[in-house]
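With chain A held as given, fit chain B onto it using these hints.
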Amino acid sequence: EAGVAQSPRYKIIEKRQSVAFWCNPISGHATLYWYQQILGQGPKLLIQFQNNGVVDDSQLPKDRFSAERLKGVDSTLKIQPAKLEDSAVYLCASSSLAGGRGEQYFGPGTRLTVT
Amino acid sequence: GENVEQHPSTLSVQEGDSAVIKCTYSDSASNYFPWYKQELGKRPQLIIDIRSNVGEKKDQRIAVTLNKTAKHFSLHITETQPEDSAVYFCAASKADKLIFGTGTRLQVFP
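Residue numbers (this note's numbering), protein chains in the order written: chain A, 1 to 115; chain B, 1001 to 1110.
Derived by calculation from the structure, the hints in this document are not laboratory data.
Owing to the predicted nature of the structure, the values given are computational and were not obtained by experimental measurement.
By construction, the Cβ of each residue, glycine as well, lies at the ideal position given by its N, Cα and C atoms.
Mixed in with the good hints there might be a few duds.
What follows is a list of derived Cβ distance ranges for each label pair [unchecked claim]: (1) B:Lys1068 <-> A:Ile12: 40 to 50 angstroms; (2) B:Glu1039 <-> A:Gly28: 25 to 35 angstroms; (3) B:Asn1067 <-> A:Ser7: 34 to 44 angstroms.
Same shape as in the complex, but just chain A (with noise of 0.2 angstroms):
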């Protein structure tokens, strides 16, 4: 099967621009997930949409992220505006059963360098 793409793979840009990444999961996967990982350190869970709701995003910093996964297969997450700290790989995944009980499939990520 087919795995979790993302796009682009790679985007700088300077702060207080705003960027978006795209990801379209593995087919028939109902759960998307974005992730933020910084250099050195574990994947964050920045959002969960299970379909095209959210299920969980108490990470996401709302001010100046936001993503959306309309007919529940796609989902673009979006900065604006931009900060150095938000340097990272944004790591999309998927799965295909909710409760825990699905292997997460990571896309290759997105590498964001914020000048």
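Relative to chain A, chain B alone:
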């Protein structure tokens, strides 16, 4: 909320030796414990997982053990090979939300 601690942060072993990475978690309701391997610049990939109703699971050279009472779980890699060199992350999950440890950089020297 859940907190996952992982040790050691770096681990160097000789090829053929065993490697052990340990994690502790705080939320006794966590019920799913995967381990991910992440090579430099690549995505995390699941290598083994264990659920709270099982104490040990093996898959060829890797095994995971879980002690629910003590709230800790460990990854064991036997007969290490240079291609095992990577960063390994443990995670704990409750209700489909993964909390990751801080990672262990494993280096296997030939």
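Consistency of the hints with the structure:
| no. | hint | result |
| --- | --- | --- |
| 1 | B:Lys1068 <-> A:Ile12: 40 to 50 angstroms | 45 angstroms, holds |
| 2 | B:Glu1039 <-> A:Gly28: 25 to 35 angstroms | 27 angstroms, holds |
| 3 | B:Asn1067 <-> A:Ser7: 34 to 44 angstroms | 42 angstroms, holds |
Of the numbered hints listed earlier, not one is contradicted by the structure.
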